[in-house]
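For this one, chain L is given, so just place chains D and H on it according to the hints.
Going down the list, the sequences are from chains L, D and H.
Each residue of the first sequence is one higher than the last, beginning at 175 in my numbering.
Each residue of the second sequence is one higher than the last, beginning at 42 in my numbering.
Each residue of the third sequence is one higher than the last, beginning at 2 in my numbering.
Hints listed in this document are in silico derivations from the structure and should not be mistaken for laboratory results.
Wrong hints could be hidden among the right ones.
Cross-link-like lysine to any residue pairs, in silico, SDA-like; alpha carbons within 25 Å at most [as the list claims (entries may be wrong)]:
| id | chain 1 | residue 1 | chain 2 | residue 2 |
| --- | --- | --- | --- | --- |
| 1 | L | K222 | D | A130 |
| 2 | D | K96 | H | A85 |
| 3 | H | K212 | L | I316 |
| 4 | L | K222 | D | P393 |
| 5 | H | K72 | D | N274 |
| 6 | L | K417 | L | Q250 |
| 7 | H | K148 | L | T207 |
| 8 | H | K212 | L | F201 |
| 9 | H | K72 | D | D267 |
| 10 | D | K101 | H | P79 |
| 11 | D | K199 | L | R279 |
| 12 | L | K417 | D | A216 |
| 13 | H | K280 | L | R279 |
| 14 | H | K212 | H | L184 |
| 15 | D | K197 | L | Q321 |
| 16 | D | K199 | D | E304 |
| 17 | L | K417 | D | D267 |
| 18 | H | K280 | L | L287 |
| 19 | D | K197 | H | Q60 |
| 20 | L | K222 | D | A396 |
| 21 | D | K199 | L | I316 |
| 22 | D | K405 | L | L239 |
| 23 | L | K417 | D | S119 |
| 24 | D | K369 | D | D251 |
| 25 | L | K417 | D | S264 |
| 26 | D | K252 | L | Q250 |
| 27 | D | K405 | L | T433 |
| 28 | D | K252 | L | Y247 |
| 29 | D | K101 | H | D78 |
| 30 | D | K405 | L | I257 |
| 31 | H | K148 | L | Q321 |
| 32 | D | K405 | D | T382 |
| 33 | D | K96 | H | L184 |
| 34 | D | K101 | H | G82 |
| 35 | D | K101 | D | I363 |
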Amino acid sequence: MSSTRDTGIRAPRKPRNPFRVYLVPLFILQFATFLVPLVLFFRTAFFKNEGPGLVDYGHATLEYLGLIFVDPYFQQVVLDTIIFGLLVTVFTLLLGFPIAYCIARAGRFKESLLVIVIVTSFTSVIIKVLGWKILLGASGPINSILQVLGLVDEPLRLVNNLFGAVVGTVHAVLPLIVLLLVPVVERVPVQLEEAAAGLGARRLTTYWRVVLPASRIGLVSGGLVAFAYAMGSFTTPALLGGKTTLILPILIRQEAMTTVNYPMSAALSITLVVIVAIVTVIGLSVGNSRRARVRESK
Amino acid sequence: MAKRRSLAFVTLAASAALLLSACASGGDSSDSGSQDTEGPLRVGAYGSTWTEAVKATAAKAFTEETGVEVEYVEGNPSDVAAQIYATSAQGAEPPVDVLTTDDPTQTQLAQRELLVPVSEYADKVEGLFENVPTEANNEGYAPPVCDWYITLTYNKPKFAELGLPEPTSWDDLFASELAGRVAIPDITTAMGLPFIFAVSDGEGMSAGIDKIATLDTYSVYTSSGDMQSDMANGNIWAAATVDGRGWGMVDSDPEQFGAIIPEVAGADGKIGPRAGSCYYDIVKDTPRLDLAAKFMSHIYADETQAEFAAQTGYIPSSPSAIDLLISKDGKWADRIPEIDTTVPVNWQEVVPNIADLTDEFNRKLG
Amino acid sequence: MSDLDTRTLMSVNGRAPRARRSTKLSFSDIAIRVVAGIGIVFLLLPTVISIIVSFGPGQFPVFPPQGWTLKWFTSIDPGYGDAALTSVILAAWTAAISITVGVPASFGLARWGRGANVLQTLARAPMQVPYVVIGVMMLQFFVLITKTTGVPFVGTMQGLVIAHCVVAVPYVIGAVYPTACLLNTSLDDAAYGLGASRLYTFFRVVLPSLKGSIVAGTVFAFLVSFDDVPITLFLVGSNVQTLPVKLFADTEFSFTPELFAVSTLATVVTCVLVLILTKRVGTQRMSGASS
Numbered sequence: 175m176s177s178t179r180d181t182g183i184r185a186p187r188k189p190r191n192p193f194r195v196y197l198v199p200l201f202i203l204q205f206a207t208f209l210v211p212l213v214l215f216f217r218t219a220f221f222k223n224e225g226p227g228l229v230d231y232g233h234a235t236l237e238y239l240g241l242i243f244v245d246p247y248f249q250q251v252v253l254d255t256i257i258f259g260l261l262v263t264v265f266t267l268l269l270g271f272p273i274a275y276c277i278a279r280a281g282r283f284k285e286s287l288l289v290i291v292i293v294t295s296f297t298s299v300i301i302k303v304l305g306w307k308i309l310l311g312a313s314g315p316i317n318s319i320l321q322v323l324g325l326v327d328e329p330l331r332l333v334n335n336l337f338g339a340v341v342g343t344v345h346a347v348l349p350l351i352v353l354l355l356v357p358v359v360e361r362v363p364v365q366l367e368e369a370a371a372g373l374g375a376r377r378l379t380t381y382w383r384v385v386l387p388a389s390r391i392g393l394v395s396g397g398l399v400a401f402a403y404a405m406g407s408f409t410t411p412a413l414l415g416g417k418t419t420l421i422l423p424i425l426i427r428q429e430a431m432t433t434v435n436y437p438m439s440a441a442l443s444i445t446l447v448v449i450v451a452i453v454t455v456i457g458l459s460v461g462n463s464r465r466a467r468v469r470e471s472k
Numbered sequence: 042m043a044k045r046r047s048l049a050f051v052t053l054a055a056s057a058a059l060l061l062s063a064c065a066s067g068g069d070s071s072d073s074g075s076q077d078t079e080g081p082l083r084v085g086a087y088g089s090t091w092t093e094a095v096k097a098t099a100a101k102a103f104t105e106e107t108g109v110e111v112e113y114v115e116g117n118p119s120d121v122a123a124q125i126y127a128t129s130a131q132g133a134e135p136p137v138d139v140l141t142t143d144d145p146t147q148t149q150l151a152q153r154e155l156l157v158p159v160s161e162y163a164d165k166v167e168g169l170f171e172n173v174p175t176e177a178n179n180e181g182y183a184p185p186v187c188d189w190y191i192t193l194t195y196n197k198p199k200f201a202e203l204g205l206p207e208p209t210s211w212d213d214l215f216a217s218e219l220a221g222r223v224a225i226p227d228i229t230t231a232m233g234l235p236f237i238f239a240v241s242d243g244e245g246m247s248a249g250i251d252k253i254a255t256l257d258t259y260s261v262y263t264s265s266g267d268m269q270s271d272m273a274n275g276n277i278w279a280a281a282t283v284d285g286r287g288w289g290m291v292d293s294d295p296e297q298f299g300a301i302i303p304e305v306a307g308a309d310g311k312i313g314p315r316a317g318s319c320y321y322d323i324v325k326d327t328p329r330l331d332l333a334a335k336f337m338s339h340i341y342a343d344e345t346q347a348e349f350a351a352q353t354g355y356i357p358s359s360p361s362a363i364d365l366l367i368s369k370d371g372k373w374a375d376r377i378p379e380i381d382t383t384v385p386v387n388w389q390e391v392v393p394n395i396a397d398l399t400d401e402f403n404r405k406l407g
Numbered sequence: 002m003s004d005l006d007t008r009t010l011m012s013v014n015g016r017a018p019r020a021r022r023s024t025k026l027s028f029s030d031i032a033i034r035v036v037a038g039i040g041i042v043f044l045l046l047p048t049v050i051s052i053i054v055s056f057g058p059g060q061f062p063v064f065p066p067q068g069w070t071l072k073w074f075t076s077i078d079p080g081y082g083d084a085a086l087t088s089v090i091l092a093a094w095t096a097a098i099s100i101t102v103g104v105p106a107s108f109g110l111a112r113w114g115r116g117a118n119v120l121q122t123l124a125r126a127p128m129q130v131p132y133v134v135i136g137v138m139m140l141q142f143f144v145l146i147t148k149t150t151g152v153p154f155v156g157t158m159q160g161l162v163i164a165h166c167v168v169a170v171p172y173v174i175g176a177v178y179p180t181a182c183l184l185n186t187s188l189d190d191a192a193y194g195l196g197a198s199r200l201y202t203f204f205r206v207v208l209p210s211l212k213g214s215i216v217a218g219t220v221f222a223f224l225v226s227f228d229d230v231p232i233t234l235f236l237v238g239s240n241v242q243t244l245p246v247k248l249f250a251d252t253e254f255s256f257t258p259e260l261f262a263v264s265t266l267a268t269v270v271t272c273v274l275v276l277i278l279t280k281r282v283g284t285q286r287m288s289g290a291s292s
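This is chain L alone, in the form it adopts within the complex (with noise of 0.2 Å):
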């Protein structure tokens, strides 16, 4: 590498950030693919909806918006999305991060898990849903094996409700989850718990103060990855959860394709980003904080 000077050792300075250039591509990309279309989709919720698909660009309203925040079944669609992301990316986490803990800590079944993890997430999801339709039939196998056992008298319901859904959400969430994790905590030395162990810590101290910490910004980024899904989804939940099931995802495919009202659709959007928004800043404010960051780089 060329020099001016003829020490060959630079003068280590810090410059302002080099790598700020880095996020260009994906500004632009960002930008003209993302930022666009959105905007214009959101102009719709203002305006007048004149019948399927016809927008009156000339009538501006608030009334999309303001009946999401006036009308108490919208308030209860808008609570019942909230649950529904909390519920998925607690259990979410709750499974994936013993999964992705055993994972890098296997050494010889390692491949073998990574394997199982990958190949069950390319199960189209579509047959994933029928596949728990199956399992969590009233005359299916859960159900059976549970009354044969005596548990139960009745068969549960445990599908076409907010349980089917949860379960079928964190099922399509969660390889991805445990595929970001795993390397999160394979970035936590081994010798770290050793450490502990050797201090004298027993070894729910170990995971408790030791591991958990350190892979705390990988939990945050694959809760807010969970939640995201969580939102975003609507075949699943569509699916498996029933009518009583209504969350905004699956509002926003009604109004965009059947009833086919776009300014609704668009409002409705509109919140759902907005709570996704709050969501992930207070998340990444938690896991981001300066004393997690430092501990970390250590």
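Showing chains D and H alone in chain L's frame:
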């Protein structure tokens, strides 16, 4: 690691090439006004067995006659219509030339003037629609190609086990022994509105929705295949279904499943409802009007419809096609009721209120 | 026998050092393994069910199946083969472009300093917009572009690639960014101090340390594209059809075991491909263990 850099460059170069090739091929889109006789003809149709049946019957005959291939955009009529709304809003060429429509979709598209009226192409094909009853749902647009009813499909052994008699009317769906084991169609499906009509006892759609809200269902299904799977697995014991599906269940296992077109309360003992029809319509501004018209003549032909019914269970609208079907297979004689014993759904009245009814349905059943 | 000796020995052998625990497993150890085991079974169940169901004779998917037959495999509609190929090509393009854009971006974000949170939210934004919305807005947008420039996008591969990249890139960032944050900055400071250029440092020092996450990110991008239904549903055309959308359109109409047969085949093919991939790339590299 030079590999990695060169990989990145290769990707970028290839992407640029991809985009450039797109520009190149984009240049030759046909201008409107001139007729495209080369095809391919693009048809919107339900997926799976429906498209298979079209391929085996009308499309095959069409390609043999004209030498033009047929391509499909598969999905429910409302899915295909959504694409049409989007392209028409921008004044661009529609994504299909012909599409399968159901009553709500045809009515909505017609109201937006996105379909070609029959008068504009009837002269292109001799004797088109002469076999089909021309009382159209939407005046001036394509008449029905098949009619369908709502049936009550049920699990025979289970009914016997529960001590329930064979069902005869829609009220039988509300039996308390069936609690949590019945399936009804969601309002967004083609059979959703007719089903509400069926149980409304003649007192209006809102009354129908209220009555449905009292039912303890296993599922409010959006996909008939889903419902059939549940029924085959024993999760549900009775369901309101499209007649084609009902007969499909019966044919798959006559000992296990039965299906009837029940009595509609408040309709003087008439059965039904005669829920609706399927149509094929030509989309406005298609550059292939002549080819589309030719396709229509094939799909509305009696032979096509009889064969189509045998494969999919959807009953033809044309009386001569029905006769042809029965002569091929006698079992259909019992399944096709006399028109005047049935109750029709008044779509002209229902469609303008679809948005409100959907809202009401969601609120009361959600 | 000290841990140090074992570790030295093992790194000589070229294997990652294994966790050395006391031979007695504590309750927490067992608990975490049990939960992980439940999780793996949970992941596998629907796939296993669908494979079993694809061998059933009835025309509806029934569990447990009443017989055993291969007939659904022999009568698969060839349209599925085309659709599968399209899906694979589409996903490959999406992954390639997403990685090219997303990896440097993640690194840049990790080194941004103040305001990184806001930027991250912006970068992740597409993930937070429901896919059905993205589908509708891309459709409208593409139609607009086609009208003004004459370049077709709806119903074409290029349109699908663009739409898929929009949603895949945030996943890449989600995978690579956490690891990028954990990188030791003094490493590349040292390299820079020794005279390497920024670009060189990036390719020779940073990327290898991110390898595991990059592979994970590639898999995500591929998956997101391959499996997508809501967006693709709006953008397919009569001659461009993807596997999941074809399955979706078919299931909207009818569930036949044929669909499960298609899925079983896809699973088997994926299994084989992934096994080949892991043998070649090696789990060491996949896990990103640094040298």
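Results for each hint:
no. : hint            : verdict
1   : K222/L - A130/D : holds (15 Å)
2   : K96/D - A85/H   : holds (21 Å)
3   : K212/H - I316/L : violated (41 Å)
4   : K222/L - P393/D : holds (17 Å)
5   : K72/H - N274/D  : holds (20 Å)
6   : K417/L - Q250/L : holds (14 Å)
7   : K148/H - T207/L : holds (16 Å)
8   : K212/H - F201/L : holds (23 Å)
9   : K72/H - D267/D  : holds (22 Å)
10  : K101/D - P79/H  : holds (17 Å)
11  : K199/D - R279/L : violated (52 Å)
12  : K417/L - A216/D : holds (21 Å)
13  : K280/H - R279/L : holds (19 Å)
14  : K212/H - L184/H : holds (12 Å)
15  : K197/D - Q321/L : holds (23 Å)
16  : K199/D - E304/D : holds (22 Å)
17  : K417/L - D267/D : holds (14 Å)
18  : K280/H - L287/L : holds (14 Å)
19  : K197/D - Q60/H  : holds (19 Å)
20  : K222/L - A396/D : holds (15 Å)
21  : K199/D - I316/L : holds (21 Å)
22  : K405/D - L239/L : holds (22 Å)
23  : K417/L - S119/D : holds (20 Å)
24  : K369/D - D251/D : violated (43 Å)
25  : K417/L - S264/D : holds (13 Å)
26  : K252/D - Q250/L : holds (23 Å)
27  : K405/D - T433/L : holds (18 Å)
28  : K252/D - Y247/L : holds (20 Å)
29  : K101/D - D78/H  : holds (16 Å)
30  : K405/D - I257/L : holds (21 Å)
31  : K148/H - Q321/L : violated (61 Å)
32  : K405/D - T382/D : violated (32 Å)
33  : K96/D - L184/H  : violated (58 Å)
34  : K101/D - G82/H  : holds (21 Å)
35  : K101/D - I363/D : holds (21 Å)
Hint violations for this structure: numbers 3, 11, 24, 31, 32, 33, all remaining hints satisfied.
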